[in-house]
Amino acid sequence: MTSLVLDNSITAAWCFEDQSTPYTEAVLQAVIDGAEAVVPVVWRLEVANVLLVAERRKKIAPEKSARFTEDLRQFTITVDIDGLDLVFGHVLEHARLHQRSAYDASYLELAHRRGLALATKDEPLQKAAEALGITLFQP
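Once you know that position 90 of the sequence shown is 90 in this note's numbering, the rest is easy, because the numbers rise by one and skip nothing.
If you are wondering where the hints come from, they were derived from the structure by calculation, not from laboratory data. Since we're looking at a predicted model, the values are computed, not measured. Where a beta carbon is used, it is the ideal one built from N, C-alpha and C, also for glycine.
Distance windows between CB atoms, simulated:
1. V79 <-> Q19: 16 to 24 angstroms
2. R73 <-> T2: 19 to 27 angstroms
3. D18 <-> Q74: 18 to 26 angstroms
4. P22 <-> D82: 26 to 34 angstroms
5. D82 <-> K58: 36 to 44 angstroms
6. P62 <-> V41: 19 to 27 angstroms
7. T76 <-> L136: 14 to 22 angstroms
8. A131 <-> E63: 39 to 47 angstroms
9. R113 <-> D33: 23 to 31 angstroms
10. E63 <-> E123: 26 to 34 angstroms
11. Q138 <-> F75: 18 to 26 angstroms
12. K64 <-> G115: 31 to 39 angstroms
13. E63 <-> Q99: 35 to 43 angstroms
Make a model of the complete structure from these sequences and hints.
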């Protein structure tokens with residue numbers, strides 16, 4: 001089975017058509033087809049925050065947010081809790097070294113530790129991943 005680290009930039013694109021790209025759709029199809037998505041603990045909070053901000057800006061109704069989160073539950077998305085023990089170590093180091101947020105660095109740390117490809121549409125995060133020798137997911 002294929003496994004990948006799923007960045008929130010991809011997840012958000014699944015909800016909002018204006019963020020969708022052929023790449024984000026291909027990642028979605030890979031997950032639908034059975035690829036295991038692995039995410040850091042912060043992922044759920046990031047997804048919830050994106051939805052809440054969109055609701056406040058009247059870009060999405062709460063009912064659509066609820067449907068979207070229900071849809072996400074249908075996928076094989078594994079939350080990696082082991083990364084919590086590494087926040088003050090490797091995550092912080094990656095954030096400093098690559099000038100990324102701690103949130104972004106948690107995706108880098110997870111992909112690096114597990115040897116998984118990273119699925120992201122965030123260009124600075126892609127560059128940081130490449131600098132660390134992390135493969136970018138290619139559907």
